[in-house]
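Using the sequences plus the hints, can you model the full thing?
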Amino acid sequence: MNQVKSIFKNTSWLSISQILTSICAFLWTILIARYLGVSDYGIVSFAISYTGLIGIVIDLGLSTYITREIAKHKELLFKYMNNIFLFKIILAIALFFISGLILYFLGYSHLTIIVSLIFTIEIIIMSLTTFLNGIFQAVEQVKYQAIGSIINSIFLLIGILITIKFDFGVISIAIAYTIAYSIFFIYVFLKYVQKYNLPKFELDLEFIKEVLIASLPFGLTNFFYNIYFSIDIVMLSYLTGDYATGLYKSAYNIITVFTTFFVVYQSVVFPVMSKFFEESQNLIKVSYELSVKYLLLIIIPLSVGVFFYARPLVDLIYNNQFSLASTPVQILIWTVSFLFVNGSAAILLNAIDKEKTVTKIYILAAIFNICLNLVLIPMYNYNGAAIATVLSEMLITALTLYHIFKTAYKPDFELLKNVIKIVICGLILSIILNFIQVPIWLAIPIGLVVYLISIFITKSIDNMDKYLIKELLR
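Going from the sequence shown to our numbering is simple: count from 1 and add 150.
Worth flagging that the hints you see were computed from the coordinates, not collected in a lab. Possibly wrong hints are sitting among the right ones.
[Stated by the list, open to error] Only pairs whose alpha carbons sit at most 30 Å apart, straight line, appear in this in silico DSS-like list of lysine-lysine: (1) Lys435 with Lys620; (2) Lys350 with Lys293; (3) Lys504 with Lys224; (4) Lys435 with Lys222; (5) Lys345 with Lys229; (6) Lys315 with Lys345; (7) Lys567 with Lys620; (8) Lys238 with Lys350; (9) Lys224 with Lys345; (10) Lys345 with Lys293.
Here's what the structure looks like:
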């Protein structure tokens, strides 16, 4: 139970952080979208998506690989920090200039290039921060990451409020993001120094080469994973313009709020699963099965609610000029359930040294997604991009489950029964919401009661779940 309590403690820290961050994100999403309008918001959306791809190249999978290895072998912490951190800084500087040249030769406007370069600086700082967060995750001390994330959100919200107050424009929005993440980085770095002293930077080229080769599958996975989460926005910007991009991004922002649950899960459970691979392999299987069950228990009712109340939700968050975003919201919300299942499977495969399998899966999914976007965006605009994302997630589900069933960690039939029960609970909730047709503020408490009753009727909570809850409450 000590490990369960550790997971609960770290999950609590990150959950509090994600709740506060989500509240701030909810506010700044509304403020930025309403302040900039659809077209300028499309520029910011493109810049964030474009620099997100740059960030993957900066990371190269190093953060994920090092988190796993330090979780297994904590004595290697300083070796990784002293060499890899400096290497990432050098790589980031080179990619900053390459990023600018790519934008210039692609013929983007002067304003788009400036905004994108500022966001490139932010993504560089974000990558270095993620590296430090990975170290704290590996030693199961995520409270520094949680506190830093709250600090980042507060300062970003303040920066956006100042921008709007004095009407500084779209460039100032990008600067606000960069300054906020810089403060986040400074906080986490100081905490590292306080705990471990200043790093003694060195460049052991042979060691760096070995780490790069080992981390490459994680880097390729991250790259191709983000392809079908970012390339659709880039392709929309290129094929249909800033207006459609702004609408799609506004829908995507709503979905991102729900994926924060998975960020908490991933940060806490991945290093634990990696450690289990060295200590108790049976616990990996149990962790995976419980993860899928609990994540679906959380996200299924949320997905149903968003599907039925997408239009009032969009109107609440944005204004009338974003009303067309409700349809992509209804489509994209179903990616979250698949993402939770796929993410759990990917973490399992990565923890048991099957990262190359995960890489191959996401390469296929990315190619599949690009091909779908080329067909569906000209036909259905932003709705086509949303459909392509859902279909790509479904493909990943099929591929990851296929490979997991070939390992010693394939789930028992009991997991399938639990998933079916949860889906039935979701169907019951859907029928009730469709029948009663009440306003969103009334649907929330009614939906919660209906879902809890459905869980009781289907016996979705078993003795193991009750035992874990009792132990945590004690």
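Quick rundown of the hints versus the structure:
1. For the given pair, Lys435 sits about 22 Å from Lys620 by alpha-carbon distance, which is consistent with the 30 Å threshold.
2. At roughly 25 Å between alpha-carbon atoms, Lys350 and Lys293 fall within 30 Å of each other, so this suggested pair holds.
3. Among the hinted pairs, Lys504 with Lys224 is consistent with the structure: their alpha-carbon atoms are about 21 Å apart, no more than 30 Å.
4. In summary, the hint linking Lys435 to Lys222 is supported, as the alpha carbons are separated by about 18 Å, within the 30 Å threshold.
5. Between the alpha carbons of Lys345 and Lys229 the distance comes to roughly 16 Å, so the proposed pair stays at or under 30 Å and holds.
6. Proximity of Lys315 to Lys345 is assessed by CA-CA distance (about 40 Å); at most 30 Å being required, the pair is judged violated.
7. Of the supplied pair hints, the one linking Lys567 and Lys620 holds, its CA atoms being roughly 23 Å apart against a limit of 30 Å.
8. Simply put, Lys238 and Lys350 have alpha-carbon atoms about 15 Å apart, close enough for the 30 Å limit, and the pair holds.
9. Between Lys224 and Lys345 the alpha-carbon distance is near 14 Å, which keeps this suggested pair within the 30 Å criterion.
10. Restraint check for Lys345 and Lys293: the C-alpha separation of about 13 Å stays at or below 30 Å, so the hint holds.
This entry does not satisfy hint 6, going by the numbered hints stated previously; all others are met.
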